[in-house]
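Join these two chains into a complex; the hints should help.
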Amino acid sequence: MSLKNLHFGAIWLLVAGLTGGLETGLSAQEQANPFTTGLDVRTGQRLFDRHCSVCHSVGATGGDNGPDLTTGEFRHASTDAGLFNVISDGVPDTPMIGINRNRTDQTVWQIVAYLRSISGGGGRVAVTGDPTTGERLYRGRGNCSSCHWLDGEGGRQGPDLTTIGDRRSPEELLSDLVDPDERVQPRWWTMRLTHVDGTRVEGLRMNEGTYSVRILDSEDNLWSFLKRDLSENERIETSSMPSYTGTLTGGELEDLVAYLYGLSRRDP
Amino acid sequence: MKRYVLFTLLLFAIPVSAAQQRSGEPATQTISPAPSFEPVTHERLVNSDAEPENWLMYSGNYFSQRYSGLDQINRENAGQLEMQWAFQLRALDRAETTPLVVDGVMYVTEAPSNVIALDARTGSQYWRYNHDLPDDLNYCCGRNNRGVAVLGDRLYMGTLDAHLVALDAKTGDVIWDAEVADEATGYSITGAPLLVGDKILTGVAGGEFGIRGFVDAYDEATGELAWRLYTIPGPDHPDNASWAGNSWRTGGSPSWVTGSYDPELNLVYWGTGNPGPDWNGDVRMGDNLYSESVLAINPDTGEMVWYFQFTPHDVHDWDSTQIPILADSEFNGQQRKLMLWPNRNAFFYVLDRETGEFLLGEPFARMTWAEGLDQNGRPIRIPDTFPTVEGTTVSPAIGGGTNWFSPSYSPRTDLLYVNAHDGETTYFIRDDEYVAGQRFTGGGGQTPLPQESYVSAIRALSPQTGERVWEYLIQPRSTAGVLSTAGDVVFSGTIDGFFFALDAETGEELWHINVGSRVHAAPMSYMVDGKQYVAIAAGNVLYTFGIRD
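One line per chain: the protein sequences are A and B, in this order. Our numbering puts the first residue of the first sequence at 1, with every later residue one more than the last. Our numbering puts the first residue of the second sequence at 1, with every later residue one more than the last.
Among the hints, a few may not be true.
Simulated coverage check for chain A against chain B, where a stretch passes if three residues somewhere in it have a Cβ under 8 angstroms from a Cβ of chain B [said to hold, decoys possible]:
| no. | stretch |
| --- | --- |
| 1 | 59-68 |
| 2 | 207-216 |
Covered, in the sense of this in silico footprint (three residues per stretch, anywhere, with C-beta under 8 angstroms from a C-beta of chain B), are these stretches of chain A [as the list claims (entries may be wrong)]:
| no. | stretch |
| --- | --- |
| 3 | 41-53 |
| 4 | 82-95 |
Rather than coming from a laboratory, the hints here were simulated on the basis of the structure. For clarity, every value in this text was computed on a predicted model and none was experimentally measured. The C-beta atom is built at its ideal place from N, Cα and C for all residues, glycine as well.
Okay, chain B solo, but in the shape it has when bound (with noise of 0.2 angstroms):
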């Protein structure tokens, strides 16, 4: 079927190329043939570095590199970028999506939960989905979407009522919708889902509803429940006494940042968010695992292999919801399976992938709740730094010295790149009762000083050592995700609208452009018909950059 539905195009083709030749027309303006689109294989999706021109996941690969192979675009040409063409989305919100590409194909999520099919060298589209939502729906932080996975011919999609949902990749209709939990209790789906095998895993939001997270895997043909690994312990495991009483049945815990995957370990990695209530610790004394946490899983079991705690009993809202970014690199003289992870706790983190121990620690952005972390990694805190009923103040701010908003990791360069927040934040603590469905944060937070006071940067830090290669100020700051290509350029952007490109080994800015609202998603980078581009959400449009031809 396939064949002759090729066959069929090139037969249209061959005639429109012969008449523009004929009249002498520029060639841009031949019709060419529709974008191929291949199934989706494990297969590819394992050996995705070996295709550049697709972005088949989240974070571009299972390492969660977000590094394109690409470098049409580089630092000696980054300069002539021009914009290639711009898709609006309709919901006014400030779009969090990263598009997936395939073979010509691009998939690019819009809130509250609908995807779009476009033809990835113009923005035009083949088909949108709209998911229905109940009208009186309760969840944090706005109306998100980061994005969808594919496998074979099918997109999969966590939405903000808790489902998960199939769509056939060609047309946008629906193969199966499970409920993954019942979201009248606070849960959400946020991020995008992670496919390892026949599996789809996916985590839940909910921090601030007082749930009990968990990280879900699905068979990728029926939509049945494969396993649930919950991210707080039961009672009949040891670790749920690091909970007092019954806090840990409301504890939070939520995983709503895609998880990574390593093939050679056959691991996945996943964070997790805040214990809850957020702010108010004192009903929930003990470490409160495994908030806070990374969590290594088997993805054909569900059984957690290892984890590591950055901050035991957190209550300052830092999650640990990072993307976990793996690579294999020098540690002390030896080859590593390394995991670096910036977290929303201002310190950067270095572990190895197969144990979870502890490598290294260092404050990557403005910190002044710990001095420093022992021998394990945990945190040796300062006193007095909780919230306080009149208020304590602390760096970093509640939205931490990173958050969700994606890094990088260049193999080229071997550095971490991340967007650095040096904020401070008013702690308060208040009283709260857990009632099914509403929020249950126990405080909260005030910025003390105008948000003009303080500055993003994205740093560039050495996983070898923690320290900062270079840094780029950014006033007055930056919620954006970075990515890193073969080009050796950096691209990322400000809260104020501008779209950006660094210079990966130096940090000196290369180029920069006015896209008129809050650049809030990750850049991704992709390439059709021989030419690359570089594709960000900003605001509620979507923009794609390139060469000239």
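With the rest of the complex left out, here is chain A (with noise of 0.2 angstroms):
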């Protein structure tokens, strides 16, 4: 680049922040999301299933060749900025191509809108329980933390819950407590096992392939096994987290609710 383009350059740049350069998407990096209505949610989605879908699934659940965008944790941006450039301009030497072309801002700050009504870190809800309550039940009578961790501590035989409510609504959570068998991630099955030597070992199903599988049982001992040398192979895809439904009442469940869905790495 020659010193006259350069200059050019720092010009144009200045120019556009100035503007605010939303045509550009230069100053996107400082914009909040100005497309967020319901309205705009629904474009979104009829935006998304039309470009997006095709490799992330209708609902965004993921595909052959996309990822799962419904978890809360994007891997190229956390912003709605960064968002906004992954959708419109891709990631680099990957399959992730942009809709730069035939776009408007507004139609990708939509599909940005949609990803985050869907992925649990739209905009934050009201709840009503009692956080604090739901604390005590978590540490207390709901015995949580003796499966799950939080903060750097608690049991390793459940999801680690720290940042929970950045990628669970509080229905979510809800359902999680009552019916925990309703959708459970194959990490979370559970593997009963049986070496040819006689040895029967059972816990969590970490990792599973053709030729071996690797479990953390319940006294967190972590087993590597070749399938070959397995008599039983039996695959439990419940979960091992019992259902609230008798033990706690529907407002101790709502409290817990309001605990979980305040663990969040964002602001409040």
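Encoded structure:
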């Protein structure tokens, strides 16, 4: 780049900054999403279905070519502006291409709004329960910390809940508590294995392939078996977590949900 | 000129060998002559089975059997396979490439549309060609390229911006670069071309963009278009009536996987993909000919001699863009010219490739959308299996009972080996308006359960009965092609990065290795200096395996 071009580029950047630069996308790094109404979300969903679902699937739950976008965690962006840039320009050297042809900034922001609405990372909603009571239940009668990791301590027999409020809505959290078998991620399935030498081991399925399986038993021991060395290999696709329907009252469940929903790395 | 070069190399080699003999160094350090690349004639392509040390086209031979006549690696010693060399591809995408090997020189493609020439003994590079692409290129499903074709001393490659380029096989220099179609309207090319006579045949991708598909033939010397066969007939043809209104104009029917050729019948066979929009069939009522079909084409004229439509009025994106496998085998007590086609719609078809007559069709993977096939091979649909606004769950999955990844046929076992998937998808319908260059799919899909809930398998099928002779289960699944060999070994891979060898007769596992990343390409085999190699691209690395000397 010649000095002359550099000079011109600097002026252009300055002008873009002064004028807001929305059309260029340059200042998107600083932008909050200006298109977040219900209509924007619905339009974003239509746009997502059209441009993105071939890889990420309808509902953004992930497909052969694209990851699940409903977890609240995005590999290549954390802010709305970052998502704007990824959707607009793609991720270099990967199958993720931007929709930069024939799009407007509004189009991209609407897709951002849709993704936020389904990823547990949308606008925070008010909850009715009391989080302080919820925390007492979590550590006391609910006995949650015996299985779940939170802020660097707790059990290893369930998912880390340190930022669960960023990934699950209050409705989803309540559903997890009363019906834990509804949709169990393969990481939390249970394997019952018998080695040819007679050893029997049961534990959480950490990973499994054609040739081997790795589990974490209830005493937090890691095991890895070659499948050819197993005489029995049973997979249980339900959750090892009990339902809290009979254990906690409706009000207590709401309190626990309020506490869990408040577990977030974002500012309150 | 060529003789002179070889002579010079030999002179160079002799004193080195003599010096090594004197010092007693091992013979493996001898610098042998550079590979001798002989021009690849049409006759060599027709008789490619006579030189199993080379891999002269995408699927190995014109019958697309992906079968290697080499048997140095066999079911007795496959357990001793070791890595020989690896070549790092620059692109981060998962590679879908099948390399060619011509007299010791390997040609491998890399995403998005690059070619690298390597010494097939060492993986060391001769040259590379990087194809320039527009910055805002629009394409469906990844920056893929599956391989090149060779004729004479030229290579031919289709590119992601829908061009066809001719390269000098010795240097990678561009000879000509022809635009096949306007990429701005959604066309791209990901498959390897097919060389027949003096013509380069190529298909196009773009079924998710409302293109009108075609198969093209170009003059190999000049790059001029020789003929174009649209995979959707125009209004002057009676079959155009299989499309409601003007829906044929944006009806897709792409041709993105390489075809096959029968030199005796002088027929080329090419599969076609989904009608567009993919999941909303309401806007294109009718059978939508010739989407989801195999076309038999006269390569001299581009005339379609016959067609067979696997899935009339498809609404699930079950492209019939599989590799047409041609086999001469017995059927009902008679020796027949067969075509074997495990389709994405989960049926395994056997056709007579002279006439297109339907001979057999049996499910080879989980299938819930049809009661079976009628006597003409037309599916008998189960009601209420079309996509809906709320979603309809049907098997096979969008990815299909199988997909584009190559199956294999061994004339020794007379078995067809296919990578099958027992999955399901919840299919949705959506309204869509056609805008040139934008996606035009009319819906989509969602996998109702975690992918780990489903399985893949390599299945060995009988062409006579369609029955499963054996299967090798894979967890969680596989999107890799299959190679069979004269050593009675079947090779394939898994999505979690394993490459494996099976006994071709029994399906028993002989060997596997963790190659660290998804195997999404098909294996091939070749021989240089008396040593057999098996090559596979995994992730963005090309690996070769062989038996220790």
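*Do three or more residues of the stretch 82-95 of chain A come closer than 8 angstroms to chain B, measuring C-beta to C-beta?*
holds (count 3)
*Taking a Cβ-to-Cβ distance below 8 angstroms as contact, does the stretch 207-216 of chain A have at least three residues touching chain B?*
Since three or more residues must qualify, the claim that chain B covers the stretch 207-216 of chain A holds, with 4 doing so at under 8 angstroms.
*At a Cβ distance under 8 angstroms, does chain B reach at least three residues of the stretch 59-68 of chain A?*
holds (count 6)
*Do three or more residues from the stretch 41-53 of chain A put their C-beta atoms closer than 8 angstroms to C-beta atoms of chain B?*
Check passed, 5 qualifying residues.
Of the numbered hints stated above, none is contradicted by the structure.
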